[in-house]
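Peer 1: Given chain Z, work out where chain S should sit, using these hints.
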Amino acid sequence: MIYLENIFVCLAAPLLIAVFLLEGEARRFIGFFLLGLTACLLAGYCNGYIEQAAVSGGLDYTQFVVQFAPVCEEILKALPVLFYMAVFEPKRRSIVSSALAVGLGFATLENVNHIANYGAVELPFALVRGFSAGIMHAICAAILGYGLAFVYQRKWLALTGSFAVICAATTFHATYNLLVSAQGVWRGLGYILPAVAAAAIMTELRIHK
Amino acid sequence: MKMTETIHLINQFIQIACLSAVAILSVRRSGWLFRLLAGAFSCYLLGDVFYMLHMWIYGQFPSGFSVAYLSYIGTYFFLITIDLWLAGEWTNEQKKTMRPYRRISMAAPTVVVVLHLIYYIRDGGFFINLLFCVPLSLLAYYSLLILLSGGAQSGLGAPPWWYHGAVLLFVLVENMMFLSSSFGSDTVYTAFDFLMSGAILLMYWAAAKEATA
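Protein sequences appear in the order of chains Z and S. Position in the first sequence (from 1) plus 305 gives the number in the numbering used here. Position in the second sequence (from 1) plus 7 gives the number in the numbering used here.
Bound-form chain S, shown alone:
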């Protein structure tokens, strides 16, 4: 096995350990936020386990469409569901204060689309790009919108600052992983993959901080 593959596998182990820990911790806590987070972390965990088992059994990572991708997309949808749940609990007054931030929040999906466009131009794979780009754009949009409008209406409820910041970091790291893989740099890809474990831990920590606030 090459050195880069060994590092990648160690990285995957660390990520799986982090995901297992946060998934178990989320299941143990009560409340809708942690139920959905447990779903998101479990989904990502299942994807990682599938990916790694495929490597061990067949000696190569899945090429083309893989079920692991569906699992990662499932994670994004769990996170979008959390955002929609949060937004849905806001009153009409609070929703009105969101309006001015809608245009600014469009910056986040624009960045995601541009990064995916670069990835598409370099690597192709229209269908898989679209599958990842749409939910990541939606997630980025809602997270930035709630982050910005939450800050503007302090006093109307606990604005989930940290959590949405962590989700935006997660989206950024995910996109950078895509991009670095298309530039063929194993070191940069592994660095972002390592950062992903940090983003996941940060997301759980932020959610726990929000819950106790």
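Bound conformation, chain Z alone:
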């Protein structure tokens, strides 16, 4: 049995020290990365409870992974960034990098936990995991970051705009889960979806620069 808390402690301890040693942008990035790890740990607990409730309500595990897990995970990833925006009134660039740091932290703990559970013997397995789920969390974080930074231009829009952005990130996450939970060509499509989306976003950002 793998305990997510133990993996979390191993990863978080050196980062916690780094938060106190670093300054400025680097400190903020590591801080939010740490919050991403924490969000993943909390998502593990919340998903456990929701899964029990959903399965006892007659829903199968796959439907839970597709329909409910993304909602919980994306809300937990958005919370630190929303708090940061509400309390510290940061610049737009800081919002994007903070959201990305949370997403990367989340992906790191999830991937480490996955590898610890299913083994790290096969390199293709690790590559597929890293380049699909890892990039997917980064894409969702980018949607959150750029979206929240944009709606934050007008403070009274933060409520409706933030909710809309979280909905978009959640659906992208759920579509990925839906594809990889299937078999055959659908699963293959699911694995390449994040990379294609990442390429599209990067191209678009370069054009608009």
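If you are wondering where the hints come from, they were derived from the structure by calculation, not from laboratory data. Please note: incorrect hints may appear among the correct ones.
[Stated by the list, open to error] Interface residues of chain S toward chain Z, partial, derived using beta-carbon atoms under 7 Å: (1) Val74; (2) Leu77; (3) Phe85.
[Claimed, not checked] Cross-link-like lysine-lysine pairs, in silico, DSS-like; alpha carbons within 27 Å at most: (4) Lys102/S to Lys216/S; (5) Lys460/Z to Lys103/S; (6) Lys396/Z to Lys460/Z; (7) Lys102/S to Lys460/Z.
Predicted model, so just to flag it, every value in this text is computed and none were measured. Quick reminder that beta carbons are idealized off the backbone N, C-alpha and C, glycines included.
Peer 2: Structure of chain S alone, referenced to chain Z:
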């Protein structure tokens, strides 16, 4: 596959093609209006893609709560954000001229609530009804308010006539889709679903017209 399901899938394809086109066109244009519209269209597109993939992979559309619904609700919130942004840019003088229209504008959410009430009585599902009813009512209210008050203050700025008219049509078609599904008429539902593609294209065209005005 039944004939109605085939037609529904073709319809979904058309809608996804329209949404992809308008989302890409919106991203390519500059300005806050098109940024938010790109968000709205992308959100609706993601919902449609999820819905259709679920049908293909599991052989049935999602039942009960679905993430696709969250995506559609996200679209409404993007559109509400556009309305609030527009209203927020108005001066105090302009806001004063809005006041008389507030009561009349309440007609739009009233219609939305009544339609959802009929849907609830026929089909149940209190939570999902509430999830859709609240943002659609807000969207209908703000759109009608800005449409009416925009017309009353011509000369104070370009009133976004066409765009808000298109949004109101979108809200109406969305509600009629709900209602027709509860009456079990596949033909009427498909007709409204087809109209939805038209409403989306109209919304983009209206926004582009406003931008060039």
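Peer 1: Indicate, hint by hint, whether the structure satisfies it.
Peer 2: Cross-check of the supplied hints:
1. Val74: holds (4 Å)
2. Leu77: Cβ of Leu77/S sits 5 Å from chain Z, so the hint holds.
3. Phe85: Check passed: Cβ of Phe85/S comes within 4 Å of chain Z, closer than 7 Å.
4. Lys102/S to Lys216/S: holds (24 Å)
5. Lys460/Z to Lys103/S: holds (21 Å)
6. Lys396/Z to Lys460/Z: Within the cut-off at roughly 13 Å; holds.
7. Lys102/S to Lys460/Z: Within the cut-off at roughly 18 Å; holds.
In summary, the structure agrees with every hint in the numbered list given earlier.
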